[in-house]
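Residue numbers (UniProt numbering), protein chains in the order written: chain V, 1 to 330; chain B, 1 to 330; chain X, 1 to 330; chain W, 1 to 330; chain Y, 1 to 330; chain P, 1 to 330.
No false leads were slipped in.
For chains that are exact copies, the list does not tell them apart, and a pair is met inside one copy or across any two.
Calculated cross-link-like contacts (lysine-lysine; reagent style DSSO-like; alpha-carbon spacing at most 30 Å):
| hint | residue 1 | residue 2 |
| --- | --- | --- |
| 1 | K259 | K205 |
| 2 | K140 | K7 |
| 3 | K84 | K7 |
| 4 | K205 | K261 |
| 5 | K325 | K165 |
| 6 | K84 | K17 |
| 7 | K84 | K54 |
| 8 | K7 | K54 |
| 9 | K84 | K140 |
| 10 | K140 | K161 |
| 11 | K161 | K7 |
| 12 | K161 | K325 |
| 13 | K259 | K161 |
| 14 | K3 | K259 |
Don't read these hints as lab results, they were simulated from the structure.
Protein chains: 6
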Amino acid sequence: MSKIIGKGLPDMPWQEKPEGYDMPVWRYSQNPIIQRNAIPSSNSIFNSAVIPYKQGYAGVFRCDSKAVSMDIYAGFSDDGVHWKINENPIQFDGEDPEILNREYRYDPRVCFIEDRYYITWCNGYHGPTIGVAYTFDFEKFYQLENAFLPCNRNGVLFPRKIDGKFAMLSRPSDNGHTPFGDIYYSQSPDLEYWGHHRHVMSPYKGDESAWQSTKIGPGPIPIETDEGWLLIYHGVITTCNGFVYRMGCAILDIDQPWKVKYRSKYYIMAPYEQYECVGDVPNVVFPCAALTDADTGRIAIYYGCADTVTGLAFTTAEDLIQFTKQNNMN
Amino acid sequence: MSKIIGKGLPDMPWQEKPEGYDMPVWRYSQNPIIQRNAIPSSNSIFNSAVIPYKQGYAGVFRCDSKAVSMDIYAGFSDDGVHWKINENPIQFDGEDPEILNREYRYDPRVCFIEDRYYITWCNGYHGPTIGVAYTFDFEKFYQLENAFLPCNRNGVLFPRKIDGKFAMLSRPSDNGHTPFGDIYYSQSPDLEYWGHHRHVMSPYKGDESAWQSTKIGPGPIPIETDEGWLLIYHGVITTCNGFVYRMGCAILDIDQPWKVKYRSKYYIMAPYEQYECVGDVPNVVFPCAALTDADTGRIAIYYGCADTVTGLAFTTAEDLIQFTKQNNMN
Amino acid sequence: MSKIIGKGLPDMPWQEKPEGYDMPVWRYSQNPIIQRNAIPSSNSIFNSAVIPYKQGYAGVFRCDSKAVSMDIYAGFSDDGVHWKINENPIQFDGEDPEILNREYRYDPRVCFIEDRYYITWCNGYHGPTIGVAYTFDFEKFYQLENAFLPCNRNGVLFPRKIDGKFAMLSRPSDNGHTPFGDIYYSQSPDLEYWGHHRHVMSPYKGDESAWQSTKIGPGPIPIETDEGWLLIYHGVITTCNGFVYRMGCAILDIDQPWKVKYRSKYYIMAPYEQYECVGDVPNVVFPCAALTDADTGRIAIYYGCADTVTGLAFTTAEDLIQFTKQNNMN
Amino acid sequence: MSKIIGKGLPDMPWQEKPEGYDMPVWRYSQNPIIQRNAIPSSNSIFNSAVIPYKQGYAGVFRCDSKAVSMDIYAGFSDDGVHWKINENPIQFDGEDPEILNREYRYDPRVCFIEDRYYITWCNGYHGPTIGVAYTFDFEKFYQLENAFLPCNRNGVLFPRKIDGKFAMLSRPSDNGHTPFGDIYYSQSPDLEYWGHHRHVMSPYKGDESAWQSTKIGPGPIPIETDEGWLLIYHGVITTCNGFVYRMGCAILDIDQPWKVKYRSKYYIMAPYEQYECVGDVPNVVFPCAALTDADTGRIAIYYGCADTVTGLAFTTAEDLIQFTKQNNMN
Amino acid sequence: MSKIIGKGLPDMPWQEKPEGYDMPVWRYSQNPIIQRNAIPSSNSIFNSAVIPYKQGYAGVFRCDSKAVSMDIYAGFSDDGVHWKINENPIQFDGEDPEILNREYRYDPRVCFIEDRYYITWCNGYHGPTIGVAYTFDFEKFYQLENAFLPCNRNGVLFPRKIDGKFAMLSRPSDNGHTPFGDIYYSQSPDLEYWGHHRHVMSPYKGDESAWQSTKIGPGPIPIETDEGWLLIYHGVITTCNGFVYRMGCAILDIDQPWKVKYRSKYYIMAPYEQYECVGDVPNVVFPCAALTDADTGRIAIYYGCADTVTGLAFTTAEDLIQFTKQNNMN
Amino acid sequence: MSKIIGKGLPDMPWQEKPEGYDMPVWRYSQNPIIQRNAIPSSNSIFNSAVIPYKQGYAGVFRCDSKAVSMDIYAGFSDDGVHWKINENPIQFDGEDPEILNREYRYDPRVCFIEDRYYITWCNGYHGPTIGVAYTFDFEKFYQLENAFLPCNRNGVLFPRKIDGKFAMLSRPSDNGHTPFGDIYYSQSPDLEYWGHHRHVMSPYKGDESAWQSTKIGPGPIPIETDEGWLLIYHGVITTCNGFVYRMGCAILDIDQPWKVKYRSKYYIMAPYEQYECVGDVPNVVFPCAALTDADTGRIAIYYGCADTVTGLAFTTAEDLIQFTKQNNMN
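Please construct the entire structure, taking both the sequences and the accompanying hints into account.
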């Protein structure tokens with residue numbers, strides 16, 4: 001059986017797969033777990049990241065205000081399901097005021113490496129690029145250099161150095177509603193200078209896997225397993241009425257993560273429920289974080305729904321890996 | 001406390017703000033008040049205007065037929081909530097057959113000035129422009145010259161002359177689904193010849209108030225208050241799945257209404273409810289009329305929902321003015 | 001009273017028109033009759049065709065997989081309402097491997113002519129074109145040449161030869177989300193070579209019948225009546241948030257079917273219900289098949305809903321023909 | 001023979017039609033008459049207007065600077081061929097600083113009415129609209145209100161009041177490279193307030209006169225003749241490599257100039273010469289002014305060439321009117 | 001040495017390759033051979049076809065009028081260089097008035113098969129498609145059915161039946177300035193019904209042969225040689241300033257012409273000369289016809305220049321075939 | 001007087017400014033210095049870079065082949081005017097075959113730093129990005145990692161380390177004909193890892209300097225002077241017939257080159273000459289290299305003309321700096 005390499009998390013949110021359900025990922029029965037107006041100023045809360053912290057959980061949340069201004073907020077939870085989100089956005093410290101200057105911030109990820117929590121997000125700097133910061137306590141945040149030139153989105157760190165280097169997936173873009181997008185792998189000795197960029201994977205052009213034919217982007221922090229890095233990502237198709245965002249899965253080589261070992265031609269989850277199909281942007285499921293328990297292989301995925309609310313879904317490493325290998329189209 | 005300058009309307013539709021509700025505008029609990037097929041020929045009834053008339057209310061309604069042909073219809077109500085809409089569209093008399101020729105008509109407003117009711121609407125004349133007519137009884141309608149050259153939409157009269165001139169807000173456009181749009185102020189000695197055009201306000205380009213970043217347009221007849229003209233308007237953002245129409249508020253100078261005194265960076269209402277999010281055009285709230293009671297400051301807003309049905313919402317002059325001043329970004 | 005020319009089908013699915021309902025087509029009360037995941041691999045089942053077969057019914061179904069790959073599947077039913085769809089797509093035999101090569105297949109129609117069942121569908125061959133095949137038993141399918149060069153969609157056969165030739169309606173297109181489209185009539189001595197193409201009808205440019213202003217396409221196999229060929233078709237309008245697909249009706253000359261005798265300016269059905277307004281492509285009703293009973297004039301229409309599920313609706317030849325003649329705008 | 005109604009101008013620039021030349025308009029043999037850098041700051045001088053003034057001629061010239069900033073400059077000439085253009089742009093006086101504020105100015109026309117010279121031009125005011133000013137001496141210029149809301153271009157006054165009103169042709173547009181455009185007629189009692197807008201003519205959609213299928217716009221001040229107003233205008237076609245601007249002719253009713261009596265299906269001049277085909281915008285001839293001699297019927301047309309230099313061409317009222325009537329497609 | 005299979009034509013236009021010239025096709029030294037105004041009504045004469053006829057040559061010419069209306073005209077020449085073009089367009093006889101109705105006609109080809117001359121051209125019939133006609137004498141023309149449904153352009157017949165069928169190349173398109181386009185091969189037993197469509201070749205996506213990356217289309221009637229059918233075609237690239245049309249060469253299998261044996265990655269001719277780079281559409285060379293002499297292998301290519309004038313160029317079968325084989329990228 | 005900081009180059013190409021010429025940059029009288037077919041395989045040679053080398057000059061040239069494949073070629077010259085370009089493109093050695101894989105290469109720059117010549121160019125790697133290589137002798141070239149993720153163009157190194165880091169200007173783009181583009185400054189300790197990205201300057205939105213309103217990009221290696229880094233760059237405007245590329249000048253802070261000290265609102269050179277206005281892409285001047293003589297301040301600019309040939313132009317540091325300061329709009 002496939003094994004997650006990492007720590008145990010026995011009390012993480014969990015529900016068993018419903019009887020007779022035949023998809024590899026199933027929804028939490030009380031979804032959405034975070035409503036659009038969970039803090040007074042918010043129009044919508046979605047595309048957000050969580051991580052184990054102390055006895056419970058911490059997170060960084062995308063809250064669009066009622067001005068539809070996009071920013072990221074810290075929050076805390078005892079059980080990973082019920083969240084208390086700060087009413088003010090994160091303030092960053094750092095060396096250079098030019099980098100600290102806020103244009104807009106959205107779609108955060110959180111990654112623990114070595115001794116601290118790193119935050120990456122889509123950061124406005126003459127166009128969207130990848131903001132990087134770290135925190136020890138989710139109260140004080142220290143912002144580093146942007147990782148890349150604009151335009152880029154969906155910067156996702158690996159949870160440990162690979163070949164002695166920090167490693168990040170990202171998805172170069174344009175500065176609008178980008179109708180294209182490949183995933184790349186980049187390396188850094190110091191989280192300041194990035195290079196040795198490698199192409200990982202492209203949208204699939206053609207009918208065989210059309211749900212991911214317009215663009216793809218990495219989702220949660222890759223999960224280390226004995227089969228390789230388990231990557232949950234989003235894929236987009238262009239219909240005559242706009243984009244539909246779905247969720248897919250791939251397995252990357254453990255030492256050379258730009259090499260795709262397996263990639264499922266089927267989506268693992270798609271907008272079926274009312275709260276995923278109706279909202280500010282209809283027909284979107286967008287995963288940004290996952291909790292894992294190495295002892296049981298359980299995975300809890302946090303995902304944005306219709307760009308409006310936040311949902312929770314469950315799977316196991318064994319489920320995802322078997323599904324991906326059986327439906328591999330790599 | 002802010003005061004509406006005008007007449008009392010003690011029996012106007014009204015519900016108190018729900019307990020614990022923290023937005024400045026709240027919905028009528030029996031929304032939508034007009035269903036899509038309220039007359040036999042209609043596909044949808046929305047973006048419509050009402051006004052006190054005799055002991056009750058009269059209105060001009062946009063009814064798209066089951067051919068999806070757009071026209072405007074008169075209707076009457078005792079209580080402002082239950083409406084009897086004529087089954088045939090308004091017929092206009094007038095001097096010049098070229099002007100009377102109907103291409104299409106939609107998005108009406110109604111304004112009482114001095115001794116009669118003026119109707120303005122989006123009128124097809126080799127492209128959309130602002131049609132103008134008057135009636136004394138909502139039975140006979142007399143059509144004047146179009147106010148402007150094409151292409152223009154959302155022509156909204158002020159309820160009295162300003163500096164001795166009739167005054168109108170409008171939103172120049174293209175002849176498609178216009179991806180831009182500012183509000184302008186124009187003046188006329190006679191409702192025939194228009195000039196002295198002044199720029200009022202633009203969409204807000206940037207994250208600070210992104211809900212109104214694509215285009216804006218005036219909604220109901222401006223409401224005269226001791227703080228200035230209270231303008232409820234619509235603002236539009238472009239998502240990857242199309243436009244979202246929301247409702248905002250500004251306060252214009254009483255004598256020089258092209259000068260914006262306050263403008264809220266937050267929307268005052270947005271598509272949250274099923275009947276606003278799902279319909280022929282998802283995610284639209286579009287205000288076209290307001291009833292006011294000077295004695296209490298109560299305001300009842302009539303708005304189109306998803307380009308399909310008509311909704312009713314409530315606020316007060318005090319609520320809106322305080323909200324706008326506190327969140328001013330002018 | 002208008003009469004269908006054809007066979008009786010006394011046990012076909014049927015419900016009487018609801019009391020007080022004033023549209024010419026009414027929905028089945030248990031809609032949708034086929035859910036999105038009615039077979040294990042499916043993301044959605046819609047835009048599908050059925051036909052009487054032996055003691056019951058057979059059909060060809062568009063099932064998009066959970067890779068959102070588009071293919072067509074055979075299925076069977078005793079009552080026309082409850083369907084058993086094969087879990088594997090149709091395999092075609094034929095002469096030329098180049099033609100048999102599958103790129104993608106969607107939006108099938110089924111037509112019985114003389115001694116066998118013909119299938120037409122949108123077939124990928126360096127762009128979409130019209131695939132043609134026949135079967136005697138819905139188990140073995142023999143694929144003929146594509147009827148036309150790319151790009152074309154919605155190829156619909158007539159149920160008998162006309163003037164000694166096979167006859168087909170189609171809708172030339174581009175290879176994207178085609179923003180235009182007329183219906184044409186083409187003839188063939190042998191189903192291999194096609195010619196004598198005739199223009200049938202165009203979208204209606206203008207407000208008078210705006211629901212069909214972007215493009216139109218034929219739906220079910222035309223129904224022979226004593227008034228001419230009854231053609232149910234789809235019409236599309238472009239809103240600021242994408243396409244809306246509705247259903248309309250026309251009557252074509254019995255001997256020269258490229259001549260339109262009557263065409264209704266009103267739609268006969270439009271997306272009103274939740275399962276038609278919400279789904280992978282919101283706001284779509286798309287008819288692909290009809291069952292008819294010549295003895296009673298009853299018609300049962302099968303149609304795709306929001307590109308996600310399959311619905312059933314009822315009408316009669318008398319209803320449709322009277323509606324079309326009374327609202328004729330030809 | 002057709003007659004110009006107006007003054008004599010015996011010394012106006014003139015060359016006889018070349019032997020064997022069969023088009024109705026012929027070029028000046030020393031074209032271009034104004035080079036791109038005729039003043040030190042200019043990148044290009046084109047789309048400019050001239051008029052008889054004192055013993056010679058005055059003009060208003062579009063000079064794009066070497067910053068490609070667009071402004072208008074006064075100039076003077078003894079013979080209408082050799083011009084001295086001021087090195088600084090026109091400064092306007094006027095009542096309202098908001099109107100006087102310069103965004104950009106281009107494509108001027110000059111028209112003498114009653115006692116003074118009126119200038120109209122494309123004036124930036126939150127988008128292009130029609131600026132209006134007058135001068136008595138081409139030294140002091142007094143700017144009036146903009147005639148219309150944005151977006152509009154090519155505002156061309158008539159040289160006398162019609163039915164007691166000032167009259168202007170214009171071409172509503174978008175604020176980019178407008179791919180559409182009709183000519184309209186508007187009226188004003190005072191040059192301040194405008195109304196009674198009438199549609200004059202549209203681009204010609206179809207092969208019969210494809211050179212004017214994208215957009216059209218009025219050129220010089222209309223020339224009064226015994227056949228009606230002689231209107232020289234530009235017409236545009238969209239090729240796969242952009243727009244081609246050509247010159248056409250129409251005759252408008254003398255009392256109701258929005259009624260087109262004749263309109264030639266053929267262009268009267270097109271980019272043939274190197275200086276018309278090569279330049280900052282290839283393939284443009286753009287007429288903005290005409291001198292006329294009522295005694296002989298001679299007409300001298302000033303036109304921009306490839307948005308870079310200024311050319312001069314000749315014709316007669318008789319030539320143009322006969323050509324237009326013989327090739328009428330109205 | 002490669003040999004043309006066909007007749008001798010000893011007096012065809014010819015000039016030897018200039019000393020030191022290293023391209024496979026060289027221009028006639030007196031180009032252009034037909035000026036834009038060679039007939040009184042013409043704006044431009046280009047994209048035209050010629051063929052040996054009696055003792056000299058006949059041709060069908062695209063003459064755009066000074067209304068920029070597109071039609072085709074017959075013409076005659078003793079030497080193939082100096083042409084007398086009729087002043088009126090071709091009139092067609094035929095069976096069906098609907099087919100005979102002229103919308104527009106352009107880009108003709110002429111092909112002798114068995115006993116008569118066939119004309120094909122881009123024919124307007126609710127969009128561009130392939131018109132077909134024949135003549136025995138270039139005076140009376142008999143029009144057959146359109147070969148295909150719209151939209152299609154560049155229909156080019158083969159000069160003899162292949163496998164017992166008439167054969168045609170064509171390039172399906174949209175009805176604008178089509179930014180895509182593959183060449184297809186279609187077959188017919190009778191020139192009335194067409195089928196057995198085969199894909200021949202696509203634009204080349206990528207840097208290796210970028211001049212033909214946007215679209216390609218067949219040019220002159222294919223030339224039969226002992227190596228296969230020699231196909232001269234046009235290829236298009238999209239630059240930031242529009243399309244550039246160049247000329248390329250391929251060799252098709254003699255019995256299965258949809259199989260490309262060789263295709264040169266280099267163009268054989270491109271717009272270098274002033275009359276090819278400057279005109280109504282800059283940067284176009286567009287071949288439509290070729291004369292050949294089987295005895296010497298000489299080939300004379302007639303091509304449109306900048307959509308304005310007609311040029312002549314020379315090569316030999318040996319030159320083209322060697323060039324194509326040596327630079328093959330098939 | 002402004003001084004260039006660097007070496008003398010007494011024999012560099014030079015011509016004095018023509019008498020009476022009033023622009024800051026003047027053309028070489030024998031332009032173009034390199035014809036489109038200067039090597040047998042070339043369609044065009046332009047956008048190329050030169051540098052002093054041994055007793056003469058070396059260069060890297062963009063030669064588009066007659067397949068319009070884009071690659072870069074080494075070449076040599078004794079006098080900087082007459083060039084001998086290799087007939088085969090540069091071959092690169094390097095560590096990683098994935099990086100060495102050639103998709104396309106264009107628009108090179110050459111920069112000497114410390115002990116070797118660095119080449120940067122637009123390198124195809126799943127989209128355009130910045131390729132980097134070095135050579136000691138223009139015979140063997142060693143390719144390093146790409147500097148950035150796609151999409152990027154116009155990577156231009158500084159000729160020395162700044163603040164201990166290698167420094168590069170670049171212009172992030174999309175992967176088409178990019179209608180936007182700012183210049184950025186990036187730093188690297190080792191030419192492998194890049195970071196500390198800084199925004200330098202944007203297109204100028206507005207009429208004041210419209211020639212650079214669409215996009216801008218760095219040209220030659222910045223020239224060190226006592227006033228700062230002298231940056232010659234290209235600016236683009238969008239006309240209705242496509243882009244026009246012109247040449248501008250800015251002065252960057254010597255220690256913090258992302259700070260713009262001066263920037264001229266006027267262009268310093270624009271397409272005026274036939275070989276700049278007519279060619280594969282009309283209306284382009286595109287500077288890629290400059291030779292300088294510190295003793296005299298002379299500058300010779302090499303620039304591409306109409307994407308077809310290569311031109312040479314002259315100026316001095318004093319001329320450019322004074323012009324830029326006097327016309328500063330920073």
